[in-house]
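**Q** Residues per chain, in single letters:
Number of protein chains: 2
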Amino acid sequence: METTYFKSLEGFSQGSNVDLEAVLENLNFNDQGLVPVIAQQYASKEVLMLAWMNLEAIEETLNKGRVCYWSRSRQTLWRKGESSGNTQRLVEMRIDCDGDTVLCLVEQTGPACHTNRPNCFYLTVSGKHVAVNSDPVSS
Amino acid sequence: METTYFKSLEGFSQGSNVDLEAVLENLNFNDQGLVPVIAQQYASKEVLMLAWMNLEAIEETLNKGRVCYWSRSRQTLWRKGESSGNTQRLVEMRIDCDGDTVLCLVEQTGPACHTNRPNCFYLTVSGKHVAVNSDPVSS
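Chains as they are written, first to last, in the numbering used here: chain U, 390 to 528; chain R, 390 to 528.
Hints may be right or wrong, so weigh each one.
The list treats identical chains as one, so a pair stands whether inside a single copy or across any two.
When the alpha-carbon atoms are kept at most 30 Å apart in a straight line, the in silico DSSO-like pairs for lysine-lysine are as follows [what the hints assert, rightly or not]:
id	residue 1	residue 2
1	Lys453	Lys517
2	Lys453	Lys434
3	Lys396	Lys517
Bear in mind the hints are in silico, worked out from the structure with no lab data behind them.
Bound-form chain U, shown alone (with noise of 0.2 Å):
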């Protein structure tokens, strides 16, 4: 899974730059053209979802400063937060030593979760069960 674009980058040391478009040309995406994208909340570190990126959305990302994912079931751009209005503000991206994953640290508006609950990871592993960990907001 790793390339020899980001092996080259390995030994590099804090405050190196290398170009944002050489990174991106290199990205390791799936079959279908996607990276899977782990969105943080900023202040928190609050893990919000995990969603997926095709190169466009990464870009329209980047560009615009608000969080725009390629939704699967759609088959489309997923502009987070067009529907509901939950945005997620860009504050920061990351990338990973293989350049398959990315990371965004957002500051997200109202519940990130279709169940409208403040992150997607509600369920919790505890023995034989699985606990429910919150509750939805209410709106």
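Chain R: place on chain U using the hints.
**A** Same frame as chain U, now just chain R:
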């Protein structure tokens, strides 16, 4: 991407319990039998890495309390830290609303990244460049 099973859980209140076995049976694995897994440092909330698990890896992780992924490159179970010593003790496992992503809160020993950096997201987009945001930890 949303199954009837996970849809049926959405209305449950905080504190409700469902059977772990039913949840695991209904997970939405991809066509390779895998789900993406986010590893987050429990105390600091730092996002460490993203990797993949099949059902066997999930069950082993829960049973042993030590994180075990599926290595897509080696096509085998990957007990994190088995060669490096940089293990992840499972503190809590959470599952998302669609049953297609796992979040593991872990206690990471040593650096999480194969580059010896604390986490895998060492590349930060900054304008038209990407900056290296951390150095390898000297061992």
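**Q** All hints are to be evaluated individually against the structure, with a verdict given for each.
**A** Quick rundown of the hints versus the structure:
{"no.": "1", "hint": "Lys453 <-> Lys517", "in the structure": "between (45 Å within a copy, 14 Å between copies)"}
{"no.": "2", "hint": "Lys453 <-> Lys434", "in the structure": "both (22 Å within a copy, 27 Å between copies)"}
{"no.": "3", "hint": "Lys396 <-> Lys517", "in the structure": "between (41 Å within a copy, 21 Å between copies)"}
This entry satisfies every hint, going by the numbered hints stated previously.
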